[in-house]
Structure formats: C-alpha cells, structure tokens
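Enquirer: The chain contents come next:
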Amino acid sequence: MADARDPAGHSLPKETKPPALNREEIRLALWSKTATLIASVLNTLFKWTGAVLVARYAIAIPFQSLAGRVTIADVAIDVVARLKAEPSPGPWLLVTPWILTVAAVLYAWRQRRLRRDVIERQQERIRRFEQARDPDRTSSTLTPRGDTRQEDLP
Amino acid sequence: MMTLAATLSTGFAALGLWIFFFWLYRDYRIDKVRQDLFRLRDEIWDICAQQQILDRPAHRVLRSRLNGMIRFAHRLTFTWWVTAVTVECFHPTPEIDERHRREVEQALESIETDVADALRSRLSRAHVLMIEHLALVSPVFWVCIIPAVLIAVIGFAWSGWAALLDRIPRGDLVDRQSAVLGT
Chain A
1 MADARDPAGH
11 SLPKETKPPA
21 LNREEIRLAL
31 WSKTATLIAS
41 VLNTLFKWTG
51 AVLVARYAIA
61 IPFQSLAGRV
71 TIADVAIDVV
81 ARLKAEPSPG
91 PWLLVTPWIL
101 TVAAVLYAWR
111 QRRLRRDVIE
121 RQQERIRRFE
131 QARDPDRTSS
141 TLTPRGDTRQ
151 EDLP
Chain B
1001 MMTLAATLST
1011 GFAALGLWIF
1021 FFWLYRDYRI
1031 DKVRQDLFRL
1041 RDEIWDICAQ
1051 QQILDRPAHR
1061 VLRSRLNGMI
1071 RFAHRLTFTW
1081 WVTAVTVECF
1091 HPTPEIDERH
1101 RREVEQALES
1111 IETDVADALR
1121 SRLSRAHVLM
1131 IEHLALVSPV
1141 FWVCIIPAVL
1151 IAVIGFAWSG
1161 WAALLDRIPR
1171 GDLVDRQSAV
1181 LGT
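Sequence lines, in order, name chains A and B.
For the first sequence, my numbering gives the first residue as 1, with consecutive numbering after it.
For the second sequence, my numbering gives the first residue as 1001, with consecutive numbering after it.
Incorrect hints may have been included.
[Claimed, not checked] Reference listing, derived: stretches of chain B covered by chain A, where coverage requires no fewer than 3 residues with Cβ under 8 Å from a Cβ of chain A:
no. : region
1   : 1130-1137
2   : 1142-1153
3   : 1175-1182
[As the list claims (entries may be wrong)] Away from chain B, derived, C-beta distances all over 10 Å, residues of chain A:
no. : residue
4   : R27
5   : A39
6   : F46
7   : K47
8   : V54
9   : K84
10  : L94
11  : L100
12  : A108
13  : R113
14  : D117
15  : E120
16  : E130
17  : R133
18  : L153
Keep in mind that the hints were calculated from the coordinates and are not lab data.
Ideal Cβ positions, reconstructed from N, Cα and C, are used throughout, including at glycine.
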C-alpha cells in the first residue's frame, strides 16, 4: 500500500495518517463550533446587558427622580424657548454636539453604503479576471457586497 | 430645567458611546480588517501570477488561509479567544496544529526562496492584522490600555521634569535647603 502523502507530495508520518486525523479534525470542528457559540452568547449578553444598564442608570433613573413634576415635553419646550430667548451660547453648547453627531453618523452611513455599492460593482470584474488566469481560484465566500453570509453568522 | 436637560444629554451620550463601540465601531473594524486582508490576498495573487505559480500549493494554501481569515473575521473577539484557549487547554490538538504549520512550510519550500520569503511576510502581516483586530475590538483592551497610557504619560513627564530640574540655574537650591532644614 502506498504511503499517505500531503498536497505537496511529501510522505506523512504514520501517526498523521488520514483516518486518525479525520476523527481529530471532526472533534476539533465540534469544539470550535461550541467555543464560537459560547463566545457569541457571552458577547451578545454583555453588549445588551451593558446597553440596558447604561440606559437605566444614565437616563431612566435621573428622569424618574422628577417623575410627576417634569416631562420630556417640558424639557424640550424649555430648551427650545431658551435657544430662542437667550443670547448666551449655553443652550447651543448642549444642542450643537447632538446635531453634529447625527450629521456625522448619517454621513458615515452614506459613505459605507457607497463603498459597498463600489464593492458590488467591481467584485464581479475582479472575479472574472482572476478566474481567467486561475480556473481553480477559491473565494472568501462573502456576499457580493462584502458582508458576512447569513449561514456564517453565529 | 437645563440641569435635567444636561443630565439627560450626558445619559444619552453614554448610551450612544456604548452603541458606537459595540455596533458601529465593531462593524467598521470588521470591514477594515477584511479590506486589509483582501489587499494582502491580492498581493499574494500578484506575486504568484508574476512567478506563474498560481496552481502551486504555495498559492493555494496561503490563499485558503487568507480566505478563512476574511470569512471568519466577525467571530474574532476577545471572548472567543478566551473560550477557544480554554477549549484548547482541555482538548489540545497538537497533531492538527503541527500539520497546519507544516502544510504552509512545505508549500513554501517548494518554490524559490525569495518568493517564499515575500509570501511568508504577507502571511505574517495577516497574522499581525488579526491580533490587532482582536485587541482593538475588545473593551478589555481599551479599559486596560487607557490607564496604562496615562501611567506611561505621567512616568514620562516625571522623568522629564526631573531632567528639567538639573538644567534650571540653582536647581539644587531645594535639595540644599532641605538638607539644611533637615539637620
């Protein structure tokens, strides 16, 4: 019987023959999948718990301290009234960063969409060019827009 | 009323920072690392096309490694790393690790040395990119790095000020006075 060989044509040692290695690989794949699943659950738990805690302690509790006395509408009306009445920059110092932040997020979101449009438009040409030179070309299997495939999401 | 508005504004800003870090920034980092890995994969393709070794294992193995990194970049987090290391401790797979390492080495041994070195450097850069990604998406890294940077800045400033004292004329005045007063 011929010796087991790797893709480069080198003989493999006895202990790394495919049958034993395949069992190991299946075991590794299972553990890898389990680790990914555990990490995914922990990550999701951490970021959502953090978001809820920040929302509770930084927004809800300060607002609850004035429950029955002040409403969001009162605050909004007061801020708008002060913006109109006061010549001082005080209220504007509060409002301007939010306007700039929302504008920056919208700008970044549009830039991201534009970049993905370019990826989608160009990837097919690159694929065809590389396939012509190398018919056995392999792919990263991302979507045409460069996103993670649904089945690869944990 | 403005105090309440300022408090709420700070609260929303804190929530916004959390959302920014765990959703927007993380998505950006995944796109960034993938973009950098695609650049390295293109460089490998260019080198192999120029050397006409596209069908050799050196190209095939390195490309499949980079494809794997690109495909699973979204999974690479500090939590995943800790979990994977824990699993590895309980169920080590040295044969598979060794086989993967040997697969690359053998593939690179079959081509010219200077080309192999060029390809190896691309693979090393890909590994560095993955480590950088792992660190930069981790809140643990940022929580640890900010105090470390502050300590480094204070330490640097401290040693800088001590050196500055030597250059000031009569800089030894404080030391002499304290010696006199201390006796």
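Enquirer: Would you mind marking each hint as holding or not holding in the structure?
Expert: Okay, the hints, checked on the actual structure:
Figure legend: the region 1130-1137 of chain B, annotated as covered by chain A; annotation inconsistent (0 residues with Cβ-Cβ distances under 8 Å, at least 3 required). Counting residues of the region 1142-1153 of chain B whose CB lies closer than 8 Å to any CB of chain A gives 0, so the stated coverage by that chain is violated, three being the minimum. Counting residues of the region 1175-1182 of chain B whose C-beta lies closer than 8 Å to any C-beta of chain A gives 0; at least three are required, and the coverage claim is violated. At roughly 7 Å from the closest C-beta of chain B, the C-beta of R27/A falls inside 10 Å, breaking its exclusion from the interface.
Not every CB of chain B is more than 10 Å from the CB of A39/A (nearest about 4 Å), against its label as outside the interface. A cut-off of 10 Å between C-beta atoms contradicts the statement that F46/A is not in contact with chain B; the least separation is 7 Å. The beta carbon of K47/A sits about 4 Å from the closest Cβ of chain B, which is not more than 10 Å, so the claim that it is off the interface is violated. Residue-level check failed: V54/A sits 5 Å from the nearest beta carbon of chain B, not beyond 10 Å.
Residue-level check passed: K84/A sits 14 Å from the nearest beta carbon of chain B, beyond 10 Å. Interface exclusion of L94/A from chain B breaks down, the closest Cβ pair being 6 Å apart, not more than 10 Å. Distance to chain B confirms L100/A as a non-interface residue, since its nearest Cβ pair spans about 12 Å, more than 10 Å. Distance check for A108/A against chain B: the nearest CB is about 8 Å away, which does not clear 10 Å, and the non-interface claim fails.
The claim that R113/A is not at the interface with chain B holds, since no C-beta of that chain comes within 10 Å of its own (minimum 12 Å). Every CB of chain B lies more than 10 Å from the CB of D117/A, the least distance being 14 Å, so the non-interface label holds. Annotated as non-interface, E120/A keeps its C-beta farther than 10 Å from every C-beta of chain B; the closest such distance is 14 Å. Interface exclusion of E130/A from chain B breaks down, the closest Cβ pair being 7 Å apart, not more than 10 Å.
Remark: the non-interface label on R133/A conflicts with the geometry, its nearest Cβ contact in chain B lying 6 Å away (cut-off 10 Å). Not every beta carbon of chain B lies more than 10 Å from that of L153/A, the smallest distance being close to 7 Å; the non-interface claim is violated.
Comparing the model with each earlier hint shows violations of hints 1, 2, 3, 4, 5, 6, 7, 8, 10, 12, 16, 17, 18; every other hint is respected.
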